[in-house]
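Novice: Generate the whole structure from the sequences, applying the supplied hints.
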Amino acid sequence: MSLVIKNITKKYSKKKYALNSVNMEIPNGIYGLVGPNGAGKTTLMRILVGLIKPNEGEIFLNNQCMLKNIDYFRQKIGYLPQEFGCYKNLTVKECMNTIAILKGLNNKNKRLEQIDKILKEVNLSNESLKKVGNLSGGMRRRLGIAQTIIGNPLLIIVDEPTAGLDPEERIRFRGVIRKIATNRIILISTHIIEDVKNNCDGISLIKNGVIKQFNSFKEFEELSVGKVWQKTISEEEFELYENKYNILSSNTIDNKLVIRIYSDERISNAEIVKPSAEEGYLSWIKK
Amino acid sequence: MDKKIKILPFSSDIKTLSINIYFLILGYIGLFIYQWFLKSGCDTRFIDMMLPMFTVFCMGIIILIIPLFSNLVNPMANELILSLPLGGIGYVLIRVVRIILIYILLTFTIYSIIYFTTNKKNFLGHFVDIKLICSSFIFLAGFGLLVMLIGRNPIYAYTSTIFLFVFSYFFRGSGLMYWHVCQWIQPKPNFSAIWKLEYTMFISGVICFILSSIFIKNKNYLLKS
Chain A
1 MSLVIKNITK KYSKKKYALN SVNMEIPNGI YGLVGPNGAG KTTLMRILVG
51 LIKPNEGEIF LNNQCMLKNI DYFRQKIGYL PQEFGCYKNL TVKECMNTIA
101 ILKGLNNKNK RLEQIDKILK EVNLSNESLK KVGNLSGGMR RRLGIAQTII
151 GNPLLIIVDE PTAGLDPEER IRFRGVIRKI ATNRIILIST HIIEDVKNNC
201 DGISLIKNGV IKQFNSFKEF EELSVGKVWQ KTISEEEFEL YENKYNILSS
251 NTIDNKLVIR IYSDERISNA EIVKPSAEEG YLSWIKK
Chain B
288 MDKKIKILPF SSDIKTLSIN IYFLILGYIG LFIYQWFLKS GCDTRFIDMM
338 LPMFTVFCMG IIILIIPLFS NLVNPMANEL ILSLPLGGIG YVLIRVVRII
388 LIYILLTFTI YSIIYFTTNK KNFLGHFVDI KLICSSFIFL AGFGLLVMLI
438 GRNPIYAYTS TIFLFVFSYF FRGSGLMYWH VCQWIQPKPN FSAIWKLEYT
488 MFISGVICFI LSSIFIKNKN YLLKS
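First to last, the sequence lines map onto chains A and B.
Sequence positions in the first sequence follow our numbering and run 1 to 287.
Sequence positions in the second sequence follow our numbering and run 288 to 512.
Derived from the structure by calculation, the hints contain no laboratory data.
Don't take every hint at face value.
Some chain A residues judged to face chain B by a derived CB distance under 7 Å, without partners named [what the hints assert, rightly or not]:
| id | residue |
| --- | --- |
| 1 | Asp71 |
| 2 | Glu83 |
| 3 | Gly85 |
| 4 | Cys86 |
Per the computed footprint, the stretches of chain B lying under chain A, defined by three or more beta-carbons under 8 Å from a beta-carbon of chain A, are [what the hints assert, rightly or not]:
| id | segment |
| --- | --- |
| 5 | 298 to 312 |
| 6 | 500 to 511 |
Straight-line Cα separation of at most 25 Å, DSS-like style, residue types lysine-lysine; simulated pairs [unchecked claim]:
| id | chain 1 | residue 1 | chain 2 | residue 2 |
| --- | --- | --- | --- | --- |
| 7 | A | Lys11 | B | Lys504 |
| 8 | A | Lys53 | B | Lys504 |
| 9 | A | Lys108 | B | Lys302 |
Glycine is no exception: its CB is placed at the ideal position from the N, C-alpha and C atoms.
Specialist: This is the structure we're talking about:
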């Protein structure tokens with residue numbers, strides 16, 4: 001199974017491109033889409049779920065053109081947007097039931113059976129009679145992911161799933177995503193590089209509507225190898241370096257300031273270091 | 288997955304309406320008690336009871352219909368709902384029809400109580416009023432829903448229907464005469480004119496619902512709310 005995105009272009013005005021001829025090929029598994037705010041991530045996701053029509057391009061899921069028959073494909077796609085604030089007065093089970101009906105699961109017995117199974121999978125069985133509005137942030141996110149699995153979709157799209165979650169919930173959420181990733185494509189949009197590193201099989205970077213695709217996280221990390229420098233400076237010198245270089249991080253160690261800089265050119269008295277994944281990302285978006 | 292009409296559970300709709308239902312029922316009970324016990328004894332008791340009841344019932348339908356669909360224009364909720372394959376018949380028509388039918392039943396019960404306790408002689412008028420108020424429900428619900436979707440905000444639905452109501456109630460605009468279906472005020476009611484109004488309202492209401500169903504397909508527009 002694969003998702004193929006061909007030359008997708010979305011313009012909001014004559015000169016402003018939200019997406020500029022985007023091409024991607026995503027195989028089975030978990031795939032991360034990373035980029036700064038306003039890069040075009042949400043636009044791409046909205047196009048994939050049929051909320052926005054692109055100006056140009058085509059999308060194929062399992063070799064079938066999605067844009068020509070989007071109503072059919074809506075049943076084959078699970079989507080968790082950034083905001084999941086609907087049906088707050090319903091219980092978890094009623095909310096799942098409502099979404100299952102809207103997705104076209106008309107057989108009541110099969111539907112309820114599937115809902116019970118999914119709730120167990122995301123550890124929400126004990127909360128099935130709780131109102132959605134009374135769930136914690138983490139539980140609501142898990143409910144969000146649970147509703148995406150209804151109808152056994154081929155493609156699941158998740159927008160900023162771990163934003164605002166504490167580390168424990170984030171780790172639990174990653175586990176849930178991994179559990180449901182068999183035989184389908186999961187596309188996750190996020191700012192959190194750690195989530196992508198620990199969870200995703202492939203990664204794409206998006207900036208100003210243009211995409212760069214990597215087949216592995218290692219390939220992504222190599223993006224800035226040989227370009228990250230570490231130097232110890234005094235606190236007074238910091239402003240000078242900040243104005244001159246692209247500083248990625250700074251830490252005080254033994255009363256001295258240790259800075260890490262992204263630079264294509266050699267920096268005097270600085271040593272070259274292995275970049276972290278986050279530094280790789282930062283150096284790419286600051287380019 | 289099949290292509291049958293998707294019928295959402297009625298219990299979910301009632302829960303979605305949440306506190307609105309209780310407010311509405313409390314309003315009716317309060318009004319009824321007030322009219323019944325505090326304004327009794329005079330010849331105009333029937334009119335005294337019918338007018339506010341008519342007003343409250345007409346506005347009540349908006350309170351019941353708008354919250355059912357307000358998720359479509361709520362930026363915290365609409366992205367998920369709009370990404371689902373919503374069908375016009377299951378998502379709009381069936382939900383609206385069953386709420387209106389129950390509401391009509393409630394109206395019919397309360398009107399019957401008023402008629403049989405105040406104005407038993409004019410039994411025909413009872414059905415005329417009920418028929419007219421049903422058309423008002425359909426028109427108001429459809430109009431309110433369409434305005435909410437166009438304006439992408441439920442407040443527009445409430446304010447525009449209240450404005451329409453107040454305007455026609457006080458000024459008796461000819462096209463909006465249905466607000467004065469209280470035909471007992473007239474010595475000789477013109478029933479053919481009333482039917483015409485009723486059909487016009489019914490058809491306008493249905494058109495509003497059809498337009499609303501089409502509007503729901505315009506997901507990009509609704510997402511901007």
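Novice: Look at each hint and say if it fits the structure.
Specialist: Hint-by-hint comparison with the structure:
{"no.": "1", "hint": "Asp71", "in the structure": "holds (5 Å)"}
{"no.": "2", "hint": "Glu83", "in the structure": "holds (5 Å)"}
{"no.": "3", "hint": "Gly85", "in the structure": "holds (3 Å)"}
{"no.": "4", "hint": "Cys86", "in the structure": "holds (4 Å)"}
{"no.": "5", "hint": "298 to 312", "in the structure": "holds (count 5)"}
{"no.": "6", "hint": "500 to 511", "in the structure": "holds (count 3)"}
{"no.": "7", "hint": "A:Lys11 - B:Lys504", "in the structure": "holds (21 Å)"}
{"no.": "8", "hint": "A:Lys53 - B:Lys504", "in the structure": "holds (12 Å)"}
{"no.": "9", "hint": "A:Lys108 - B:Lys302", "in the structure": "holds (20 Å)"}
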